[in-house]
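**Q** Residue 710 is where the sequence shown ends in my numbering, and the numbering goes up by one at each step.
It is worth saying that the hints were derived from the structure and are not from the lab.
Treat the numbers as computed from the prediction; the structure is a model and nothing was measured.
Hints should not be assumed to be uniformly reliable.
[Unchecked claim] Using C-beta positions, here's what the derived DEER-type ranges look like: (1) A520 to L694: 38 to 46 Å; (2) A523 to L559: 17 to 25 Å; (3) N315 to G130: 56 to 64 Å; (4) R66 to E504: 38 to 46 Å; (5) T681 to A556: 13 to 21 Å; (6) A523 to P133: 25 to 33 Å; (7) T358 to W580: 22 to 30 Å.
Beta carbons: idealized from backbone N, C-alpha and C, even for Gly.
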Amino acid sequence: MAVAVTFLAGLAGHGVSRYLVNGGMVSSESESTLADAALAEGFPGAEPNLVLVVRSELPLDDPAVREAGLALTDRLRSEPGATAVASYWAPGGEALIAADGNSVLVTARLPFSTSEDRTAARRLLDEVDGAFPPLQVQAGGPLAVAQDIEDRSAHDLHLAELLALPLMLLLMLLVFRGLLAAMLPVLVGVISVVGTFAVLRGLTEFMDVSVFALNITTALGFAMGVDFSLFVVSRFREELAGGSNVSDAVAASARRAGRIVVFSASISIMTFAGLLVFPLGFLRSIAMAAIAVMALAAVVALTVLPALLAVFGRNIDRFDPFARLRRPRGIPGREGFWHQTALLVMRRPVVIALPVVTVLLVLASPFRDVAFSLGDDRLLPSSAPAYQATEAWRTDFPSAPTRVDVVLDELDVADTEALDGYARSLSALPEVASVETASGRYSAGVRLSPLCDPATAPTVPDCAGLDRYASESGVWIAVRSEVEPDSAAAANLVRAVRAEPAPEPVLVGGSAAELVDVKAVLAERLPWSLTWIALAMLFLLFLLTRSVFLPAKAIAVNLLSLTATFGAIVFIFQEGHLRWLVGDFQVTGTTNLLMPILVFCLAFGLSMDYEVLLLSRIREEYLRTGDTVQATALGLERTGWLFTSSAAIVATVTVCLATSGMTPLKLLGVGLTLAVLLDATLVRALLVPAVMRLAGSANWWAPRPLRLRR
Numbered sequence: 001m002a003v004a005v006t007f008l009a010g011l012a013g014h015g016v017s018r019y020l021v022n023g024g025m026v027s028s029e030s031e032s033t034l035a036d037a038a039l040a041e042g043f044p045g046a047e048p049n050l051v052l053v054v055r056s057e058l059p060l061d062d063p064a065v066r067e068a069g070l071a072l073t074d075r076l077r078s079e080p081g082a083t084a085v086a087s088y089w090a091p092g093g094e095a096l097i098a099a100d101g102n103s104v105l106v107t108a109r110l111p112f113s114t115s116e117d118r119t120a121a122r123r124l125l126d127e128v129d130g131a132f133p134p135l136q137v138q139a140g141g142p143l144a145v146a147q148d149i150e151d152r153s154a155h156d157l158h159l160a161e162l163l164a165l166p167l168m169l170l171l172m173l174l175v176f177r178g179l180l181a182a183m184l185p186v187l188v189g190v191i192s193v194v195g196t197f198a199v200l201r202g203l204t205e206f207m208d209v210s211v212f213a214l215n216i217t218t219a220l221g222f223a224m225g226v227d228f229s230l231f232v233v234s235r236f237r238e239e240l241a242g243g244s245n246v247s248d249a250v251a252a253s254a255r256r257a258g259r260i261v262v263f264s265a266s267i268s269i270m271t272f273a274g275l276l277v278f279p280l281g282f283l284r285s286i287a288m289a290a291i292a293v294m295a296l297a298a299v300v301a302l303t304v305l306p307a308l309l310a311v312f313g314r315n316i317d318r319f320d321p322f323a324r325l326r327r328p329r330g331i332p333g334r335e336g337f338w339h340q341t342a343l344l345v346m347r348r349p350v351v352i353a354l355p356v357v358t359v360l361l362v363l364a365s366p367f368r369d370v371a372f373s374l375g376d377d378r379l380l381p382s383s384a385p386a387y388q389a390t391e392a393w394r395t396d397f398p399s400a401p402t403r404v405d406v407v408l409d410e411l412d413v414a415d416t417e418a419l420d421g422y423a424r425s426l427s428a429l430p431e432v433a434s435v436e437t438a439s440g441r442y443s444a445g446v447r448l449s450p451l452c453d454p455a456t457a458p459t460v461p462d463c464a465g466l467d468r469y470a471s472e473s474g475v476w477i478a479v480r481s482e483v484e485p486d487s488a489a490a491a492n493l494v495r496a497v498r499a500e501p502a503p504e505p506v507l508v509g510g511s512a513a514e515l516v517d518v519k520a521v522l523a524e525r526l527p528w529s530l531t532w533i534a535l536a537m538l539f540l541l542f543l544l545t546r547s548v549f550l551p552a553k554a555i556a557v558n559l560l561s562l563t564a565t566f567g568a569i570v571f572i573f574q575e576g577h578l579r580w581l582v583g584d585f586q587v588t589g590t591t592n593l594l595m596p597i598l599v600f601c602l603a604f605g606l607s608m609d610y611e612v613l614l615l616s617r618i619r620e621e622y623l624r625t626g627d628t629v630q631a632t633a634l635g636l637e638r639t640g641w642l643f644t645s646s647a648a649i650v651a652t653v654t655v656c657l658a659t660s661g662m663t664p665l666k667l668l669g670v671g672l673t674l675a676v677l678l679d680a681t682l683v684r685a686l687l688v689p690a691v692m693r694l695a696g697s698a699n700w701w702a703p704r705p706l707r708l709r710r
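Produce the complete structure using the sequences and hints provided.
**A** So, in structure tokens, the structure goes:
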């Protein structure tokens, strides 16, 4: 039945990637999104998304160069859906030459929203590369950057898989102690991932689903497959070693390990549900993908795994290539490494806890200076042609990308007095280098070019261009600034533009405005999200442990561990340290807002697995012995090898991501590796036993009717 359901889910989810979208970090109802939509609809030539930086060893006005340049321009014009094609060699293109006179621009705006659009764009980019000698063409701009990011990400992910696969399979054979057992987490992962792809395909009929949902689905699906399989299989073996027959061992493992799976999945699902309060397609896509894959992984672990264990029975240990090298493993006792480690920690809990907390706080400290951005072409390696072309467009040409766009969709362009006054006031704002609109060019409150009256615009010398800045949809004003769009100065500029009195209602957009709007939404909804997550964790962990203290401790420890990871991310990727260790990348002084969210989602799911596993076993031992110290030591002895083995398998995969030349993938690899290793070593092995010892009987306190009874 599981095979049939998986097959049907595979059919339903086949080709889901064609229906997914990029972006989704900005609310569809935010001002910047509305401004960008108005700009795209009413002013299609306002901002090109394809910029070709063209060079030649011959003079740019050489007849052969000019002929090739015109042919390149005509090729762009012939592309279906192309608008606002501009070229140095076309009339009015005199401004499209670099300050040093060695390169020129050919620009256009192409459709790029569907998979067919992206396929056509890739074909066009491949065609113009080297097809117009003696021109040397480099493609840049948002379209080329997005295409390069997509291609390089796919290549680097494939390379990481090739590096990680043999290492992961070797570790799984070592940890699961047999080929049959090692295939179980793969089976859980495949079923849950394929099922979630079908869910995502269904969701695309009702909402935009981010392409990152696939990454979350695959990573969480196989990570949970490893964890849940370890929990169930290890308990099954433990019951067999204790003298149970196969059927009793299956029942006991399904009951006891199944309880851990249910609570672990429930806590993670409720936590990811906290992301649904944000009106951001990116976060909602991640939340829905994570909820679906966690639920499916839990269902498979509770149904398919016990059935397979009943079929395999004691043969689960067969086909173990390392059998001769292993020592027989019975029921973990009081002589093991983890038991002795726990007792050592609990003899000196303060001496152990203080250095561990200090190390985590030191690692977390750079997070105080985090500066978020939405990412741009600098996510690419410096050797990427799309980055080089975009950087040249940004720095070498006077027609650099607009920082802030202002759309007045109710203003009549004939009202030149109102438009002139508003443009003057905008140009006088701090950090504004110039303002361009249908009435002219402005700087520091002064008009630099004559007004463009609708009746005389075609004949006015040096006119800013009525057709470019005015349409039936209203008027567009381009506010240019030298500040970086992800800087505090750019945010202040956006707020100043929005606060400036205008003759009609305005919409303010652009990359700087998008970041301001995203931060505003996060700040508004974050308290609600955190409250939901905290209450859900407290409630479910209380049901698991029947303790008031242990859920609060779990939240505090997990936050400390994840904040330490985020601090390390800022230290490495925002401030640019340790590039000699993790590999080269571009330092922008900011942290891409998407990546910490992905790290949090993946790392939190794993850390809650480890937390629930450890607390559940400690609770079980406490019910048996009534001694917190012995319960903690025995609980760690029985689970320590499980979560460290899981962490080793996950870290093997994630560290291979760090080999990528793409900053997001490198950050994701380094961040997840640090998160799982910190959690499985410093936190679970040292900090948790120390805190348990210091808390003593308070570990198990609860209101009398709800107390844990032995």
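**Q** Next step is simple, just say for each hint if it's right about the structure.
**A** For each hint, the structure was consulted:
1. A520 to L694: 38 to 46 Å: For A520 and L694 the Cβ distance comes to about 41 Å; the hint holds.
2. A523 to L559: 17 to 25 Å: holds (19 Å)
3. N315 to G130: 56 to 64 Å: holds (60 Å)
4. R66 to E504: 38 to 46 Å: holds (44 Å)
5. T681 to A556: 13 to 21 Å: About 18 Å separates the Cβ atoms of T681 and A556, which means 13 to 21 Å holds.
6. A523 to P133: 25 to 33 Å: Since the Cβ atoms of A523 and P133 sit about 53 Å apart, the hinted range of 25 to 33 Å is violated.
7. T358 to W580: 22 to 30 Å: holds (26 Å)
Figure legend: structure checked against the earlier numbered hints; the only hint not met is number 6.
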